[in-house]
Amino acid sequence: MKEEKGAYRPLSYFQLMEVTLRELLVEKGYLTEAQVAAEVENMRSRTPERGALVVARAWTDPAFKQKLLENGSRACESLGLDVAPMRLVVVENTPEVHNVIVCTLCSCYPRPLLGIPPDWYKSRAYRSRMVREPRAVLAEFGLHIDEGRAIRVHDSSADMRYMVLPMRPEGTEGWDEARLAALVKRDDMIGVSVPRAPRD
Amino acid sequence: MSARPQAQYETSYEPSVAPRFAPGDRVRVRKAFPPGHIRTPFYIRGHVGEIERYCGQFPNPEELAYQRDGLPAQPLYRVRFRQADIWPGYRGAAADVLEVEIYQHWLEPAAS
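The listed protein sequences correspond, in order, to chains A and B.
Those letters in the first sequence? Residues 1241 to 1440, per the numbering used here, in order.
Those letters in the second sequence? Residues 295 to 406, per the numbering used here, in order.
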């Protein structure tokens, strides 16, 4: 059957619960419709480009990188990025260690830097398999990690949020920050891929 | 026990419980199954790891979930486990590790 655009479809259970709760909060005066709309807009406006800027700065400014690894939130604030109240832990990929982020309990994610998480990040398959067979899961993402390199899986089970600082790709010597930032994708900062310089 | 560990993040909840563990300490996660909202993943209960860092003190999420204030704030750690210790037949490098945030009341000292 051909799907008709704009056809009526009943709300799902969770959609109905969301509408009900939101309308009740507005009716009781806890929130206004405008505040809800502004928050949705605010969430949509945060995209992985923010995280990419942080990575590019860390690649070009060793003092910033050190600050970032010591206290991720404070370092981001020094770039003028509003990340409160997130407590950010940045984990660095090296030739010896590859890092990857998961939240097995729910779907904790560094939203102020990377925006809304991809659907697969919230899937049961990713959440349960990434902790117990990370190499197999990474291979399914097309990322093969050499046996000689350790994999460090980070389960964000409580109050910290995590971001991976990938290694700067070879062949990017002399690139400026904006050009470097354009190389860095969301998945690189979750740790299921790594940035690569385009071959020409 | 080592000197009071330096928290990665300054937190200012009062009252709060003093941290007992420092980076490098060997700890065992309690093998307990209480009901309620628990932020200690099932798969890690009963396993031995090493304190990677002390994160600071935070209101207890097990209390927050029921609209209580979660005080006194509980010390929170990142604990590093060897994958080979957690999963029987783990396929990967011996150096592969898993890090999980765990509250102090879920940890007990383990022999090194």
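Hints were generated in silico from the structure; no laboratory data involved.
Here a beta-carbon is modelled for each residue, glycine too, at the ideal position from N, C-alpha and C.
Be aware that one or more of the hints could be misleading.
[Said to hold, decoys possible] Taking CB as the label site, the calculated pair distances span:
id, chain 1, residue 1, chain 2, residue 2, range
1, A, 1260, B, 340, 51 to 59 Å
2, B, 340, A, 1363, 24 to 32 Å
3, A, 1300, B, 327, 46 to 54 Å
4, A, 1369, B, 388, 19 to 27 Å
5, B, 339, A, 1369, 14 to 22 Å
Each hint tested on the structure:
no., hint, in the structure
1, A:1260 to B:340: 51 to 59 Å, "violated, 41 Å"
2, B:340 to A:1363: 24 to 32 Å, "holds, 27 Å"
3, A:1300 to B:327: 46 to 54 Å, "holds, 49 Å"
4, A:1369 to B:388: 19 to 27 Å, "holds, 20 Å"
5, B:339 to A:1369: 14 to 22 Å, "holds, 19 Å"
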